[in-house]
Amino acid sequence: MPDLQDAHPATGTAEARELENIRFVLSPPEAGEIQITLAIGPQAQLTPKLEGAIEALARELQNREIQSLLREKCTPVIVCNPLSCSGVTICNLEIGPKKGTTA
Amino acid sequence: MRESNYNIWTKRDDRYYVYNGMSGSLLGMPKSDYANLRRYLDNSNDKAVSADLLAKLTIGRMLTTDDADEFLSLRRRYDATRHAADKLVLTIVSSLGCNFDCPYCFEAKYPSILSADVQAEILKFLDDQLAKISELHVSWFGGEPLLGKRSLLKLSDEFIEKCDKADVSYFADIVTNGYLLDESTCAELRQRRVSSVQVTLDGPPEIHDRMRPLVSGRGSFSRILKNLHRATDFLDVLVRVNIDRENLASAEELFQLLVAEGLAGKLTMYPGQLVGVDDGVPSPSAKYKSCCFTRSEFAKAELAFKKLASRYGFATTSLPGPTGAPCTAVRANELVIGSEGELYKCWESVGNPQETIGHISDYQKSDGRLRKWLKFDPFEDKECQRCIAMPVCMGGCAHHAMDRLQYENRCSTFRYTYREQIEMRVEMEEGNRKDLPARRPTVMDTR
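In the order they appear, the protein sequences are chains A and B.
Numbering of the first sequence is given in my numbering, commencing with residue 205 and proceeding in unit increments.
Numbering of the second sequence is given in my numbering, commencing with residue 5 and proceeding in unit increments.
Worth flagging that the hints you see were computed from the coordinates, not collected in a lab.
One or more hints might be untrue.
[To be verified] Below, in silico cross-link-like pairs of lysine-lysine (BS3-like), each with a Cα-Cα straight-line distance of 30 Å or less:
no. : chain 1 : residue 1 : chain 2 : residue 2
1   : B       : K51       : A       : K253
2   : B       : K91       : B       : K35
3   : B       : K91       : B       : K158
4   : B       : K35       : A       : K253
5   : B       : K153      : B       : K169
6   : B       : K158      : B       : K169
Given the sequences, and given the hints that come with them, work out the whole structure.
This is the structure:
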């Protein structure tokens, strides 16, 4: 990671900012990506299984990149990771934790 | 797992943000999560990191596998889009002649309207392509394309009829100086599915009229301004402001004038870089060099321009997103058709006989000049190989990259001001806007 020492000083208010959690300001493009809803709660602990699943997701995103780039229509595919297999839909990215669930 | 090579981090208040060029996504997180992530990436045995954060970073391509070859992925993107055949994009010069005499114009122009014979050849060409494509996109270009309005409208009607019959989507836009863009013309264009128009204003009246005079020498600002009022009722209007060292300072006066005219919130404003191009043809641009910004200077000027445009309530182009092959010149299924049916690969070549690649009447026999465009490979460029802007730039302007004198102008401005551009986007999305005018500017994403 880069050194953040040179980052510009804060200019706006911090009110309510701490209440916000981890969130996309700009989401990954809808078209040509892989939709996957990870059943991860905001407070979930990182278990070895979960870590493996995330790595599998990263690998799948790599592997499927070109196919999804060229895909014209939303096509369901199956993505498997060390935990399970799940349905995935190209072209319509929906991410984020399901509240109250854990991996 | 490791970080992407195309991550750019920034900070605002107590939140950290990471932008990734591979996905174009921007993720914000609290300081505590950033600190845990930092420790996790330094030592993967530290499991205090949020699993939610790791998942989002992965989906946003900010984290990837240790063995991922992102540069190879980019090359694949480039190749896939370079050879994509389902979409046909045509830039058509309906009139090479122009009613303006801009001192920086890069075209060697003379009066020439798209003839009936050339129109017929274009339609024959389209007939040959229709079965292979799902989308036709036409950009009307010049010279001044509205000097050839009759052929533009006639061809549009034919394109629409053919595409509708073949179940091919049809889209169109136009680049015009705006002088002939009166209300009835706007309505005619809209009826022909022209959805957006690019018009140029190079400053307030005194400066614009000096930089973009009519052939007669008279000014053009007031009539363009009058036309813009009507155009916004029919079309999405992008206003390009060509800037150099002399006119940048006048941009604010232009914004104020447009706000007073009630055009804030109705126009998208963006700056264009003026360059002196000498391709060996007698274009005005060959002599226009003294006031031009270097690319890095322009990048800073662009940033200042956009911030100002936003403050005055205008939409402006924002962060560039990930792309494939970046323009018509390097995409196989895209062509520029001159007013006499001559074919080019680059908009900047229009009117230059040394850059034609063939003729529409015999389009399958393009000459050897096509090869240089389709063989152009930014992935061999040493600077591109280590450039953080590569996913959004993909080598930039091939025309400039192949020109020793314009080589430095090939790059996306993202190369020079990526951090500031990201900070600006974060500020727009997250910022306290109390210090700005009441109207919140709409930011158009370039993706």
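Inset, instruction - Would you list, in rising numerical order, the hints stated earlier that this structure does not obey? - result: 2
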